[in-house]
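Trainee: So the chains spell out like this:
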Amino acid sequence: MTALRRSTDVTDIIITILTYVLFSAFTFICVYPFYYIIINTISANDISARGEVIFWPKQVHFQNYIDIFKVPGLWNALMISISRTVLGTTLTVGASAFLGYMFTKDKIWMRKFWYRFTIITMFFNAGIIPWYLTMKTLGLTNNFLAYILPTIVAPFYIILVKTFVESTPKELQQAATIDGAGTLMIFWRIMLPICKPILATVAIFSAVDQWNAFQDTLLLVTDSNLYSLQFILYNYIKQASSLSTLVNLQNAGSTAIASLATEQTTTSIRMTVTIIVVAPIMFVYPIFQRFFVKGIMIGAVKG
Amino acid sequence: MIKDRLFSRKAWIICLTILMVAAVVLAGCKSSSGGGGGGSGSSGSSGSNDYSEHLTITVFSNAANYQGEQTGWYGKLLKDKFNITLNILAPQVAGSQLYNTRVAGGDLGDILVIDNSQLEELIPAGMVLDLTDMIQNTKHLSQYVEKHFKPFNSSFTEVNPEGRIYAMPTFIAPTSPTTFSEELPYSSPILPWDYYQGIGAPKITDLDHLLEVLKTMRDQYPKAPNGLPTIPITLWKDWDGGSMENVRWISNWYGYEHPEGTTTIQLSASGDIMPLIDDRSNYKKVLQFLFKANQMGLVDPDSAAQDWNKVAEKLTNKQVLLLWYTWQRGFYNTIARGMNGDGYAAVPIADVHILQTSDAYYGNGRVFAIGSKAKNPQRIMDFLDWYVSPEGLRYTINGFEGFNYERTEDGKFRLTEIGQTAFQDNTPVPDEYGGGGYQDGQYKINSLIIGDFGTDPETGEFYNSNYWSHTLAANDTKLRQEWQQMFGTTNATEYYIKNNMIDIVPNINTSLGSDSSDIKNKRSQISDYVKDASWKMVFAKDQAEFDQLWSKMQTDVKGLGWDDVFAVDSERAQKIIRLRAEALANQ
Amino acid sequence: MRTKRRSLKNESAIHFLYILPFLILLAIFAYLPLYGWIYAFFDYKPPIPLSRSPFVGFKWFASLVETQVKIDQLIQVIKNTFGISGLMLMFSWLPMIFAIFLNEIRAVRFRKAVQTLTTLPNFISWVLVYSIAFAMFSSEGMVNGLLRQLGAIDSPILFLQDSSHVWLTMWMWITWKSLGWSAIMYIAAITSIDESLYEAAYVDGATRMQVIWHVTLPSLLPTYFVLLVLQVANFLNNGLEQYFVFQNAFNKEYIQVLDLYVYNLAIGGGSYSVSVAISMMKSLISVALLFSVNQLSKWLRGEGVV
Numbered sequence: 001m002t003a004l005r006r007s008t009d010v011t012d013i014i015i016t017i018l019t020y021v022l023f024s025a026f027t028f029i030c031v032y033p034f035y036y037i038i039i040n041t042i043s044a045n046d047i048s049a050r051g052e053v054i055f056w057p058k059q060v061h062f063q064n065y066i067d068i069f070k071v072p073g074l075w076n077a078l079m080i081s082i083s084r085t086v087l088g089t090t091l092t093v094g095a096s097a098f099l100g101y102m103f104t105k106d107k108i109w110m111r112k113f114w115y116r117f118t119i120i121t122m123f124f125n126a127g128i129i130p131w132y133l134t135m136k137t138l139g140l141t142n143n144f145l146a147y148i149l150p151t152i153v154a155p156f157y158i159i160l161v162k163t164f165v166e167s168t169p170k171e172l173q174q175a176a177t178i179d180g181a182g183t184l185m186i187f188w189r190i191m192l193p194i195c196k197p198i199l200a201t202v203a204i205f206s207a208v209d210q211w212n213a214f215q216d217t218l219l220l221v222t223d224s225n226l227y228s229l230q231f232i233l234y235n236y237i238k239q240a241s242s243l244s245t246l247v248n249l250q251n252a253g254s255t256a257i258a259s260l261a262t263e264q265t266t267t268s269i270r271m272t273v274t275i276i277v278v279a280p281i282m283f284v285y286p287i288f289q290r291f292f293v294k295g296i297m298i299g300a301v302k303g
Numbered sequence: 001m002i003k004d005r006l007f008s009r010k011a012w013i014i015c016l017t018i019l020m021v022a023a024v025v026l027a028g029c030k031s032s033s034g035g036g037g038g039g040s041g042s043s044g045s046s047g048s049n050d051y052s053e054h055l056t057i058t059v060f061s062n063a064a065n066y067q068g069e070q071t072g073w074y075g076k077l078l079k080d081k082f083n084i085t086l087n088i089l090a091p092q093v094a095g096s097q098l099y100n101t102r103v104a105g106g107d108l109g110d111i112l113v114i115d116n117s118q119l120e121e122l123i124p125a126g127m128v129l130d131l132t133d134m135i136q137n138t139k140h141l142s143q144y145v146e147k148h149f150k151p152f153n154s155s156f157t158e159v160n161p162e163g164r165i166y167a168m169p170t171f172i173a174p175t176s177p178t179t180f181s182e183e184l185p186y187s188s189p190i191l192p193w194d195y196y197q198g199i200g201a202p203k204i205t206d207l208d209h210l211l212e213v214l215k216t217m218r219d220q221y222p223k224a225p226n227g228l229p230t231i232p233i234t235l236w237k238d239w240d241g242g243s244m245e246n247v248r249w250i251s252n253w254y255g256y257e258h259p260e261g262t263t264t265i266q267l268s269a270s271g272d273i274m275p276l277i278d279d280r281s282n283y284k285k286v287l288q289f290l291f292k293a294n295q296m297g298l299v300d301p302d303s304a305a306q307d308w309n310k311v312a313e314k315l316t317n318k319q320v321l322l323l324w325y326t327w328q329r330g331f332y333n334t335i336a337r338g339m340n341g342d343g344y345a346a347v348p349i350a351d352v353h354i355l356q357t358s359d360a361y362y363g364n365g366r367v368f369a370i371g372s373k374a375k376n377p378q379r380i381m382d383f384l385d386w387y388v389s390p391e392g393l394r395y396t397i398n399g400f401e402g403f404n405y406e407r408t409e410d411g412k413f414r415l416t417e418i419g420q421t422a423f424q425d426n427t428p429v430p431d432e433y434g435g436g437g438y439q440d441g442q443y444k445i446n447s448l449i450i451g452d453f454g455t456d457p458e459t460g461e462f463y464n465s466n467y468w469s470h471t472l473a474a475n476d477t478k479l480r481q482e483w484q485q486m487f488g489t490t491n492a493t494e495y496y497i498k499n500n501m502i503d504i505v506p507n508i509n510t511s512l513g514s515d516s517s518d519i520k521n522k523r524s525q526i527s528d529y530v531k532d533a534s535w536k537m538v539f540a541k542d543q544a545e546f547d548q549l550w551s552k553m554q555t556d557v558k559g560l561g562w563d564d565v566f567a568v569d570s571e572r573a574q575k576i577i578r579l580r581a582e583a584l585a586n587q
Numbered sequence: 001m002r003t004k005r006r007s008l009k010n011e012s013a014i015h016f017l018y019i020l021p022f023l024i025l026l027a028i029f030a031y032l033p034l035y036g037w038i039y040a041f042f043d044y045k046p047p048i049p050l051s052r053s054p055f056v057g058f059k060w061f062a063s064l065v066e067t068q069v070k071i072d073q074l075i076q077v078i079k080n081t082f083g084i085s086g087l088m089l090m091f092s093w094l095p096m097i098f099a100i101f102l103n104e105i106r107a108v109r110f111r112k113a114v115q116t117l118t119t120l121p122n123f124i125s126w127v128l129v130y131s132i133a134f135a136m137f138s139s140e141g142m143v144n145g146l147l148r149q150l151g152a153i154d155s156p157i158l159f160l161q162d163s164s165h166v167w168l169t170m171w172m173w174i175t176w177k178s179l180g181w182s183a184i185m186y187i188a189a190i191t192s193i194d195e196s197l198y199e200a201a202y203v204d205g206a207t208r209m210q211v212i213w214h215v216t217l218p219s220l221l222p223t224y225f226v227l228l229v230l231q232v233a234n235f236l237n238n239g240l241e242q243y244f245v246f247q248n249a250f251n252k253e254y255i256q257v258l259d260l261y262v263y264n265l266a267i268g269g270g271s272y273s274v275s276v277a278i279s280m281m282k283s284l285i286s287v288a289l290l291f292s293v294n295q296l297s298k299w300l301r302g303e304g305v306v
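Chains as they are written, first to last, in our numbering: chain U, 1 to 303; chain E, 1 to 587; chain F, 1 to 306.
Please note: incorrect hints may appear among the correct ones.
Below, simulated BS3-like cross-link-like pairs (lysine-lysine); rule was C-alpha separation at most 27 Å, straight line [what the hints assert, rightly or not]: (1) E:K76 with U:K238; (2) F:K298 with E:K237; (3) F:K298 with E:K558; (4) U:K112 with F:K79; (5) F:K70 with E:K558; (6) F:K79 with E:K558; (7) U:K238 with E:K237; (8) F:K9 with U:K107; (9) E:K292 with E:K81; (10) U:K112 with F:K298; (11) U:K70 with E:K76.
Here's a subset of chain U near chain E, in silico, CB distances under 10 Å, partners left out [as the list claims (entries may be wrong)]: (12) I68; (13) M185; (14) R189; (15) L218; (16) S224; (17) I232; (18) Y234.
These are calculated hints, taken from the structure and not from any lab test.
These figures come from a predicted structure and were not determined experimentally.
Backbone N, C-alpha and C define an ideal beta-carbon position, used for all residues, glycine too.
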């Protein structure tokens, strides 16, 4: 695809060099903190706490990771997280694609109204109590569907898809309509393939949202079989940071406080949790990147 | 608004099908979630211990810092004994909204470990069970009704005029309302003992002198053992509540406390109510002390930016010179170091007059209650009765005989070698007890009805293993001996009492009432302002700026509604004063 | 479909039925809970049910501007919100430029590496970001250590307690965290550009900058404008966590954005009704902003976004 780029001049070269330098620099400041986190999770915790691990790990050990993998319920939680991510993402992507496409059509009863009806929900905040009561009335407490159903219609992704569809040439759809294809057929046969890049984007965004979500678990789920990985890890971090509340109950007995005080979550555990959570994302993201390839030769269709 | 003819039949069918599927899915889930615990069939008449059906008890515990099922050795113990599993809900994990939402939904949980003020809200809402009759039939709980539960429940005069028993306070120490059993006041000056010896162990006269001592110490020991710089005083911001928390607890050294549930006053043992922003208040005195310390370069420059975790690391490294909470010693002190005279110890300042509350005779601010929707209250009661029995307390606090502790010939208990470190090391527990790490398997409710200062009838000693005679003998380190030699008493509490440097005020336990929404909003705005101003004062450039910030705060908080909040707090203080007088009179 | 010719009305009704199930989901999960806004007009304290709570009208709204001190505070908070949101708006084109120039890189491996690695900060929680910031910028931190070794300073610079340039620093942190992540949307949009447009441009002898200017940029603008409109509507919602972890007594005056202000108010167990009042106001303002900007966009560009 770059075969045709023949005109090179001096500014072009300067720009090229500048792009490489700037991107390298920015990538470095993005990567280094992450590298810093990694080397601190595998260095001896006391050295790490002293802030001496800066360039390379010291006294390498993997105890932090081993400890986390011993957290009870971890594997079940992992399954829950994977299920909600896969199922939730699939449904969200499907719904966003369909609605994004449908909202580009003129022939919908009160289209403009319904589009606005959808979009403005992005800015709604009803408050936590009515939300909880609604979910409870719907039977969505201690229910796996609580992770999925509310996220299916996601206005932001719908907008993204709609904008994308609008930027593709109208001729494609027209041609198909003339051929006698119905709305659903066009969606399935033509729009889905064309929208691959934006759907990949939506998929990444919504998968990460699902994977990282734990606020819903906090309030809606008390059945430990439905706890997600993020929740379990959050629980693990929180366990030790509750000292302050105890301290104010002066008579809690200094023994209780002392024992709690010494089991403080060190930053290194927080860091380890981050790595464990991010690693799968970093593993999956490049797979999605494959959909970001230029490929549509509209010219071919037009001809 | 939609006309029928707009729709083709096919479209109708599609639409209805989708709706029906959605309805079925929703309904199906509802029914499956409803049948969680089971066991509602067996009504469990009192005393009949029909444990054949497994019961899951939902425990809503403000004290817990773990959410999920109780597993490990304690989980197995309860399963074997009562055929129950505790499913713990922890607002400390899930956030304070957990309380609001569940309460709004009408069911908080089966066992509730909640704050006094929450109990006060839940009684009139009919969300806690009246335990008066059930508790009469218990073996162990009933022993505590007259002396502990009744006075506590009756103090909720407004919502409980008949003096029914709705709840049992936590961490009761059945010693006496005026005894203080710990070896060190909760907040008092603490220094590294070896450094203190190293600079000649001067007798510290007052706060100004303390600053000089700290300066000398820092100059003589500029580096901690690991090479990092010594920091005489370090502060942290993330525990700040109504005011600057660090200032609050140092204020205790000079006879004024900051009662929990109030934010605008300080209260003395004699019942003097001092507004926080009064020019004569201890709060200002301590701010001035910290300001001066900062002027002398003794305060950690990172104080305002760091959180407690960072401080904990510095304590572990012995970087900090001045501590005040008793438990802060535990980060560095060990027996092995104590043998070499190394470690933190109390160093009294001659002019202090510490205010200390006595043992929690009436409990300490939280309660155990049973939710009104609990499925099987009798079985819960059976469990709670065991929870306060000697057997239950020994298990809950000290683990297994033979594993964590052993009986000696004199009939007392002694920690085994494993027991001494089982908690810190999270030692694996034998499979017969349930396996897993010892710490992981500990009771996660994280709160007791009878606390570790209860006395084991068999040994006559506290349940708290730190105070067993065998433990004390093992802890007789060089540090301790040197200390005792210099101050002539066995421990710091004794020294303060002997020299009349401490006021022990009776423990009281009640609800001071919850704020109206109006006061709540004013209070949080004022607190916010006071905290910011306090921090700025400690790090002020000079005395002039310090004074200017102080007087600006005095005027500004008035604009935020200071007088209203102060009136509420004064009233609360009056209640405290009254109850303390009653506790003394009852003795 | 018994007849081959469908009436226009019928088709539009069928299309409506296609999206109806989704609208119902939305009605249940987004609109139904909105009944909760009514709490803003009561003095509601769980567990006392709403039916037994006193009606207070607009008291909570009024209470925000009761006294001069509160008005001053609120004005400062609004200033901060405008400052930080304003900076974000001003540089809202950064992710687009990022994507455009990334797309120009011909070394595929390098491009993919940059694309992946720059998303990393997005996954580090703010709490952890702060502990890294602390490791770098505290008095004993890396940066001060370096400066001291170079002999540039005697006493440490307290970056984290600095009260100047707070808005800029906050903007820098958030840009660092989200730039690579937000660029994904534009990277996807670039792929929808008709390849033949490029061919035509190169045949015409356009330089690279010219191609970017005349082909890539115009194709991305629709996406950019949509996101811009949404961002404007989100003006008051800065989020909480970032400002919460970075706040201290010294930078608070400039760091306290609306969300943080509301949170700090609620820390002392602030009343539930007040927080509902504020979030209701924010929701309404956001929607109002959305439609105003949309109108503006219609005048300027001839087309709206929603």
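Trainee: So, for every hint listed, does it hold in this structure?
Mentor: We went through each hint and held it up to the structure:
For the given pair, K76 (chain E) sits about 24 Å from K238 (chain U) by alpha-carbon distance, which is consistent with the 27 Å threshold. Proposed proximity of K298 (chain F) and K237 (chain E) is contradicted: the alpha carbons are some 49 Å apart, above 27 Å. Between the alpha carbons of K298 (chain F) and K558 (chain E) the distance comes to roughly 49 Å, so the proposed pair goes past 27 Å and is violated. Of the supplied pair hints, the one linking K112 (chain U) and K79 (chain F) is violated, its CA atoms being roughly 35 Å apart against a limit of 27 Å.
For the suggested pair K70 (chain F) and K558 (chain E), the alpha carbons sit about 11 Å apart, so the restraint of at most 27 Å is met. For the hint pairing K79 (chain F) with K558 (chain E), the CA-to-CA distance comes to about 24 Å; that is within 27 Å, so the pair holds. Restraint check for K238 (chain U) and K237 (chain E): the C-alpha separation of about 18 Å stays at or below 27 Å, so the hint holds. Between K9 (chain F) and K107 (chain U) the alpha-carbon distance is near 8 Å, which keeps this suggested pair within the 27 Å criterion.
About 59 Å separates the Cα atoms of K292 (chain E) and K81 (chain E), which puts this hinted pair outside 27 Å; it is violated. Proposed proximity of K112 (chain U) and K298 (chain F) is supported: the alpha carbons are some 15 Å apart, at most 27 Å. A distance of roughly 18 Å separates the Cα atoms of K70 (chain U) and K76 (chain E); the hinted pair therefore holds under the 27 Å criterion. The closest approach between the C-beta of I68 (chain U) and any C-beta of chain E is roughly 13 Å, which is over the 10 Å cut-off, so the hint fails.
At its closest, the beta carbon of M185 (chain U) sits 15 Å from a beta carbon of chain E; the interface hint therefore is violated under the 10 Å criterion. Checking R189 (chain U) against chain E: minimum C-beta separation of about 20 Å lies over 10 Å; hint violated. Among the interface hints, the one on L218 (chain U) holds; its C-beta lies about 4 Å from the nearest C-beta in chain E, closer than the 10 Å criterion. The beta carbon of S224 (chain U) comes within 5 Å of a beta carbon in chain E, closer than 10 Å, and the hint placing it at the interface holds.
Interface restraint check: I232 (chain U) against chain E, minimum CB-CB distance 8 Å, threshold 10 Å, status holds. The closest approach between the C-beta of Y234 (chain U) and any C-beta of chain E is roughly 7 Å, which is under the 10 Å cut-off, so the hint is satisfied.
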